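Trainee: Please take these sequences and the hints and turn them into a complete structure.
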Amino acid sequence: MSTSSIFRSEQMTLCQLFLQPDAAYSSIAELGELSIVQFRDLNPNVNSFQRKFVNELRRCEEMERKIRFLESEIKKEEIPIVDTNENPDAPKPRELVDLEAMIDKLDYDLKQINTNSDALRKNFNELTELKFNLAMTQGFFQQVDPNGNGMFNDMTEEITDETQRMTSGGMKLGFVSGVISRERMNSFERMLWRVCRGNVFLKSAEIPQLIEDPTTGEKAHKIVFVVFFQGEQLKTRIQKICEGFRANIYPCPENGNERRELTMGLMTRLEDLNVVINQTEDHRQRILIETSRLIRLWKIKLIKIKSIYFTMNMFNNDIARKCFIAECWIPTSYLEQVQLALRKGSEISGNVQVSTILHQITTNEKPPTYHKLNKFTQGFQNLVDAYGVASYREINPMSFVLITFPFLFAVMFGDAGHGLIVTLFALWMVLKEDYLKDKGKNQEVWRIFFGGRYIILLMGIFSIYTGLIYNDVFSKSMNLFGSSWKVKFDDNILLKDGAVTLEPNPRPYSAAEHYVQMYSGNPYPIGLDPVWQISENKITFTNSAKMKFAIIIGIMQMSFGVFLSLGNHLYFKHYYAIFLEFIPQIIFLLSIFGYLIILIFYKWTTYLAEQATDAPSLLIHLINMMLMSYPTDDSKTPKSIVVFYNHQRIIQTILLIVAVICIPWLLIGKPIYIIVQRKKKTNSTELVHQESEASNDIEMHEQNEPHQEVDMSEVWVEQGIHTIEYFLGCISHTASYLRLWALSLAHAQLSEVLWTMVLRIGLSMGGIGLGGVALFMVFTTWSTLTVFILLLMEGLSAFLHALRLHWVEFQSKFYKGEGYPFVPFSFQSILEEAAAEN
Amino acid sequence: MKEDLVFNLDHGYAEGLCRGFRSGILKSTDYHNLVQCETLEDLRLHLQSTDYGNFLSNESNPLTVNVIDDRLREKIVQEFQHLRNISYEPLSTFLDYITYGYMIDNIVLLITGTLHQRAIGDLLPRCHPLGSFEQLGAITVADTPAQLYTAVLVDTPLAPYFIDCISEHDLDELNVEIIRSTLYKAYLEDFYNFCKNLGGVTAEVMCEILAFEADRRAFMITINSFDTGLTQDDRAKLYPTCGHLHPDGLQELRRTDNYEGVRDVASRYPQYKVLFDGSGTNTGDKTIEDRFFEHEVKLNMNAFLRQFHFGIFYAYLKLKEQENRNIIWIAECISQKHRARIDNYIPIF
Numbered sequence: 067m068s069t070s071s072i073f074r075s076e077q078m079t080l081c082q083l084f085l086q087p088d089a090a091y092s093s094i095a096e097l098g099e100l101s102i103v104q105f106r107d108l109n110p111n112v113n114s115f116q117r118k119f120v121n122e123l124r125r126c127e128e129m130e131r132k133i134r135f136l137e138s139e140i141k142k143e144e145i146p147i148v149d150t151n152e153n154p155d156a157p158k159p160r161e162l163v164d165l166e167a168m169i170d171k172l173d174y175d176l177k178q179i180n181t182n183s184d185a186l187r188k189n190f191n192e193l194t195e196l197k198f199n200l201a202m203t204q205g206f207f208q209q210v211d212p213n214g215n216g217m218f219n220d221m222t223e224e225i226t227d228e229t230q231r232m233t234s235g236g237m238k239l240g241f242v243s244g245v246i247s248r249e250r251m252n253s254f255e256r257m258l259w260r261v262c263r264g265n266v267f268l269k270s271a272e273i274p275q276l277i278e279d280p281t282t283g284e285k286a287h288k289i290v291f292v293v294f295f296q297g298e299q300l301k302t303r304i305q306k307i308c309e310g311f312r313a314n315i316y317p318c319p320e321n322g323n324e325r326r327e328l329t330m331g332l333m334t335r336l337e338d339l340n341v342v343i344n345q346t347e348d349h350r351q352r353i354l355i356e357t358s359r360l361i362r363l364w365k366i367k368l369i370k371i372k373s374i375y376f377t378m379n380m381f382n383n384d385i386a387r388k389c390f391i392a393e394c395w396i397p398t399s400y401l402e403q404v405q406l407a408l409r410k411g412s413e414i415s416g417n418v419q420v421s422t423i424l425h426q427i428t429t430n431e432k433p434p435t436y437h438k439l440n441k442f443t444q445g446f447q448n449l450v451d452a453y454g455v456a457s458y459r460e461i462n463p464m465s466f467v468l469i470t471f472p473f474l475f476a477v478m479f480g481d482a483g484h485g486l487i488v489t490l491f492a493l494w495m496v497l498k499e500d501y502l503k504d505k506g507k508n509q510e511v512w513r514i515f516f517g518g519r520y521i522i523l524l525m526g527i528f529s530i531y532t533g534l535i536y537n538d539v540f541s542k543s544m545n546l547f548g549s550s551w552k553v554k555f556d557d558n559i560l561l562k563d564g565a566v567t568l569e570p571n572p573r574p575y576s577a578a579e580h581y582v583q584m585y586s587g588n589p590y591p592i593g594l595d596p597v598w599q600i601s602e603n604k605i606t607f608t609n610s611a612k613m614k615f616a617i618i619i620g621i622m623q624m625s626f627g628v629f630l631s632l633g634n635h636l637y638f639k640h641y642y643a644i645f646l647e648f649i650p651q652i653i654f655l656l657s658i659f660g661y662l663i664i665l666i667f668y669k670w671t672t673y674l675a676e677q678a679t680d681a682p683s684l685l686i687h688l689i690n691m692m693l694m695s696y697p698t699d700d701s702k703t704p705k706s707i708v709v710f711y712n713h714q715r716i717i718q719t720i721l722l723i724v725a726v727i728c729i730p731w732l733l734i735g736k737p738i739y740i741i742v743q744r745k746k747k748t749n750s751t752e753l754v755h756q757e758s759e760a761s762n763d764i765e766m767h768e769q770n771e772p773h774q775e776v777d778m779s780e781v782w783v784e785q786g787i788h789t790i791e792y793f794l795g796c797i798s799h800t801a802s803y804l805r806l807w808a809l810s811l812a813h814a815q816l817s818e819v820l821w822t823m824v825l826r827i828g829l830s831m832g833g834i835g836l837g838g839v840a841l842f843m844v845f846t847t848w849s850t851l852t853v854f855i856l857l858l859m860e861g862l863s864a865f866l867h868a869l870r871l872h873w874v875e876f877q878s879k880f881y882k883g884e885g886y887p888f889v890p891f892s893f894q895s896i897l898e899e900a901a902a903e904n
Numbered sequence: 009m010k011e012d013l014v015f016n017l018d019h020g021y022a023e024g025l026c027r028g029f030r031s032g033i034l035k036s037t038d039y040h041n042l043v044q045c046e047t048l049e050d051l052r053l054h055l056q057s058t059d060y061g062n063f064l065s066n067e068s069n070p071l072t073v074n075v076i077d078d079r080l081r082e083k084i085v086q087e088f089q090h091l092r093n094i095s096y097e098p099l100s101t102f103l104d105y106i107t108y109g110y111m112i113d114n115i116v117l118l119i120t121g122t123l124h125q126r127a128i129g130d131l132l133p134r135c136h137p138l139g140s141f142e143q144l145g146a147i148t149v150a151d152t153p154a155q156l157y158t159a160v161l162v163d164t165p166l167a168p169y170f171i172d173c174i175s176e177h178d179l180d181e182l183n184v185e186i187i188r189s190t191l192y193k194a195y196l197e198d199f200y201n202f203c204k205n206l207g208g209v210t211a212e213v214m215c216e217i218l219a220f221e222a223d224r225r226a227f228m229i230t231i232n233s234f235d236t237g238l239t240q241d242d243r244a245k246l247y248p249t250c251g252h253l254h255p256d257g258l259q260e261l262r263r264t265d266n267y268e269g270v271r272d273v274a275s276r277y278p279q280y281k282v283l284f285d286g287s288g289t290n291t292g293d294k295t296i297e298d299r300f301f302e303h304e305v306k307l308n309m310n311a312f313l314r315q316f317h318f319g320i321f322y323a324y325l326k327l328k329e330q331e332n333r334n335i336i337w338i339a340e341c342i343s344q345k346h347r348a349r350i351d352n353y354i355p356i357f
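Chains as they are written, first to last, in this note's numbering: chain A, 67 to 904; chain B, 9 to 357.
No lab work stands behind these hints, which were simulated from the structure alone. Be aware that a few hints might be false.
What the hints assert, rightly or not - Just a sample of chain A residues kept apart from chain B, beta carbon distances all over 10 Å, derived:
| id | residue |
| --- | --- |
| 1 | G310 |
| 2 | I487 |
| 3 | K542 |
| 4 | M692 |
| 5 | G833 |
| 6 | G838 |
Said to hold, decoys possible - As a list, the in silico PhoX-like pairs of lysine-lysine whose alpha-carbon atoms are at most 25 Å apart:
| id | chain 1 | residue 1 | chain 2 | residue 2 |
| --- | --- | --- | --- | --- |
| 7 | A | K614 | A | K604 |
| 8 | A | K604 | A | K554 |
| 9 | B | K345 | A | K118 |
| 10 | A | K554 | A | K542 |
| 11 | B | K204 | B | K326 |
| 12 | A | K142 | B | K83 |
Since the structure is predicted, the reported quantities are computational estimates derived from the model, not experimental observations. Note that CB positions come from ideal geometry on N, CA and C, so glycine has one too.
Mentor: Next comes the structure, spelled out in structure tokens:
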């Protein structure tokens with residue numbers, strides 16, 4: 067048997083790697099690039115900080131921290147980070163030291179520059195505040211200065227008076243000036259008032275622009291204030307309050323000339339500072355631009371190093387043999403590639419004498435499930451995996467779901483017009499794949515659509531097909547090949563009343579001598595004849611047809627599922643299960659529901675138009691078969707419910723009995739088999755032992771299972787549940803497939819309602835001007851509703867129902883889904899994850 | 009019942025969030041791993057695998073206990089403030105009430121600091137951010153409680169609690185402690201009544217917790233006041249009256265003048281008898297304070313067993329604080345290489 071096939075997961079081998087300590091690092095690096103090896107943690111009980119390479123990991127983390135710092139600085143300056151799409155190899159351990167030194171130096175330099183520029187900036191900001199302080203207080207004092215001009219307001223007058231009085235009285239009126247942030251001003255003022263009992267005078271003005279706060283460096287609205295007071299005691303209090311409210315107090319000479327001098331000096335200092343600040347900024351900028359070129363490569367390198375050491379932490383350290391022992395799962399078909407990579411790793415490390423030894427070991431453990439996939443099959447595999455990851459080597463339904471899923475979807479979504487839109491959308495995604503791949507990574511909904519682009523494409527194409535079969539295009543039919551029906555009534559009949567009946571049988575009407583051929587004799591080449599579009603009983607007709615389709619499709623898919631379980635039984639060599647599970651199951655399904663399908667085809671093919679009234683009613687016949695009651699064939703009973711072929715009664719009875727026999731067969735078969743097996747085993751344990759030694763690992767696994775001695779009552783209960791589930795399931799699942807018809811009906815009706823209730827209003831408006839405008843507007847509504855309700859909502863609903871039919875009705879027949887996925891150690895996926903986190 | 013029906017309208021999101029935060033509280037296995045750490049680096053590495061995630065990863069080496077403490081506090085403050093920002097009335101008032109306690113602590117911290125001639129600039133960063141308010145920095149202006157009231161506290165929510173301590177005495181250390189206790193008494197009683205008025209499960213849960221808090225304060229005031237010149241009557245004024253000890257137990261506590269007396273009083277209350285019985289003053293024994301902490305943790309954990317109430321917000325904050333104390337304790341033990349008592353943390357789950 068070939069080891070890789072689309073129907074089953076890859077065969078896996080558990081391998082032990084004996085790695086030389088020198089070669090381990092580069093070997094793991096090679097395996098990380100190869101991405102096909104899943105390592106097992108051999109020290110699950112060891113704390114993360116007690117493992118061997120914890121120091122290396124810590125160094126990496128330290129470097130990562132520094133890189134994060136550099137990155138945030140780069141982002142602050144809005145310098146773009148160069149992305150060359152380069153994928154550097156994991157650096158050798160000794161290169162790590164260089165890298166570390168380089169990053170350290172940059173980090174140190176940048177921090178130095180930052181502290182310098184912070185200090186400068188703080189100085190600059192303080193001086194700026196002082197500048198504003200001087201400039202604004204200048205205004206206050208000027209108002210005070212020109213005595214007796216009568217221009218100043220009451221407040222200043224008061225102060226002036228006071229100043230005069232105080233100065234004349236020999237007491238000095240002191241003042242404190244400073245800058246405070248705007249939001250603190252209110253409570254600052256209030257507290258001043260309270261603490262000083264109203265004995266202060268506060269003058270303030272807002273600085274017209276945002277200025278940077280010296281301590282925090284953030285831009286803020288600030289207010290310049292001057293507090294006039296008298297006495298030293300008040301001064302200390304005011305200073306305390308200022309301190310408490312984080313107001314910056316600046317000296318302000320009382321004399322106007324001194325103030326001017328100070329201002330002049332301030333200006334020159336500010337200018338000088340500006341020059342220095344600009345120079346440091348330039349230097350900083352240069353360093354950051356340099357860094358921005360390399361930072362992405364460093365990040366990738368670090369992630370690789372980190373993941374290598376993380377992996378090596380999972381290894382056993384064999385001190386006696388001086389080597390690391392690793393355990394890993396490798397798909398058997400890749401063993402050679404892994405060997406090559408290991409050899410290459412040893413060569414890179416310069417250790418050629420002793421190469422890495424790869425030793426395959428047999429185990430009872432369940433291997434992980436790994437499917438070889440491509441971008442087309444990936445989406446479908448995701449649908450299957452969402453239910454459960456396949457048990458190791460069991461049949462993978464993906465390859466069947468690939469076709470049946472879009473098909474069942476299309477049966478429910480059948481409308482060629484809608485299908486076309488879906489197809490075009492998916493086609494756009496598929497064709498523009500490379501361009502769209504990196505777009506909208508954070509848009510979850512978009513990722514879902516994009517991830518399923520191939521599924522959507524197939525769903526669209528299949529919908530066009532079923533739409534043609536149903537002859538539905540936006541709820542209208544297309545007359546592509548010319549209808550097989552011709553209305554050939556004469557005018558007086560057509561004018562008489564609303565509806566006429568087209569008879570398939572050629573026969574005279576309204577007492578005419580000759581009959582008119584209305585049916586051409588050949589059916590419409592593909593799908594539904596467009597004439598049904600204008601008939602009143604269209605729904606009755608399509609319902610009957612679609613329901614039968616649904617049953618046929620359902621029974622076929624379910625029996626196919628049961629046959630797939632045969633494949634599993636054969637593969638795992640569960641021969642008993644073929645007789646005790648597969649055969650009763652398939653017999654039951656076919657003897658009741660398979661028979662029903664045969665009847666459907668029989669009815670379709672046998673009864674011609676003239677016998678239409680005599681055609682058997684299959685529902686009644688199925689019920690009668692179950693109840694084993696057959697109506698007597700006399701003139702009173704309608705033809706449709708009496709037996710319609712020879713030996714029908716005896717055949718149906720036999721089928722029913724066979725089906726009923728299957729129930730106990732399935733119920734007690736397997737438990738009895740297990741009891742017998744156990745008896746045998748206790749009689750000849752030695753024999754079993756020998757057998758298990760000779761067999762290969764999978765068989766050994768099977769042989770070993772009974773050793774775990776499941777309690778017999780549990781076996782009974784399990785089989786009982788299994789039996790009930792299957793037989794009731796056959797009935798309910800068959801009924802469940804009727805959703806194919808129900809959703810298809812709903813979709814068709816909804817789109818028809820949309821057409822008649824919305825678009826027809828526009829179409830029936832008269833006049834080119836008014837009608838055109840109205841149609842334009844109505845079309846907008848119609849197309850929007852079509853996209854949102856019919857495509858998105860209905861599409862989603864059909865998708866979910868198709869998914870359900872696969873998960874529950876189809877896969878329950880054979881699929882266990884008890885496996886766990888293969889997660890190889892892969893740099894690529896680790897890098898992608900890291901990128902997604904940012 | 010009716011309140012339960014509409015609870016989620018306003019507070020459902022906040023409660024869900026809080027319960028989510030709660031599941032991030034360290035489990036006993038985490039502690040088990042933490043105490044095995046050799047260095048603070050190990051501690052950081054281990055905390056990374058818990059709900060704390062990368063909260064320390066941007067700190068440069070060497071890591072110090074102070075840095076860990078700051079980050080821990082930052083994290084809890086951030087969480088609490090987020091809850092406060094998304095809360096509706098009356099939850100927001102409830103959460104505000106929780107912060108008043110921190111305000112009292114901050115005021116006392118600043119006054120004591122100034123008494124010891126420390127610069128206000130050094131003291132302010134040490135204040136708990138949850139109890140910070142605008143006028144806090146200017147607290148040094150006040151020399152007497154009366155000034156403190158008129159200048160600083162009159163605009164804060166603490167003003168009504170302060171009425172009882174307005175006096176013209178100078179602020180000294182004993183005075184400050186008395187102010188703290190008086191404020192706390194008034195605060196606890198007010199908070200207790202607020203919760204009681206909220207009614208429902210909130211009242212049941214919170215009154216239980218606050219009653220314990222009140223009793224604990226009464227016990228601790230009594231024990232600490234033994235040789236301090238505080239008269240019995242003065243002491244009695246400081247006892248919060250919303251606990252289980254009120255009124256009989258408080259009367260008796262007033263009269264006691266040694267530790268044995270306190271123990272006698274406690275032995276009449278089964279829930280406190282257990283605590284006092286399990287504590288001792290010898291080395292190796294658990295102190296009564298630790299026992300109180302343990303009991304508090306238990307009460308707070310019980311709060312999470314009920315639904316549709318505000319108690320979990322209080323309980324979460326307190327549990328998280330206990331957790332921070334535990335981590336800091338372990339970190340201190342590690343950094344001082346004093347591992348003998350490293351197991352003296354108080355496990356939460």
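Trainee: Starting from the hint list further up, note which numbers the structure goes against and sort them upward.
Mentor: Number 1 only.
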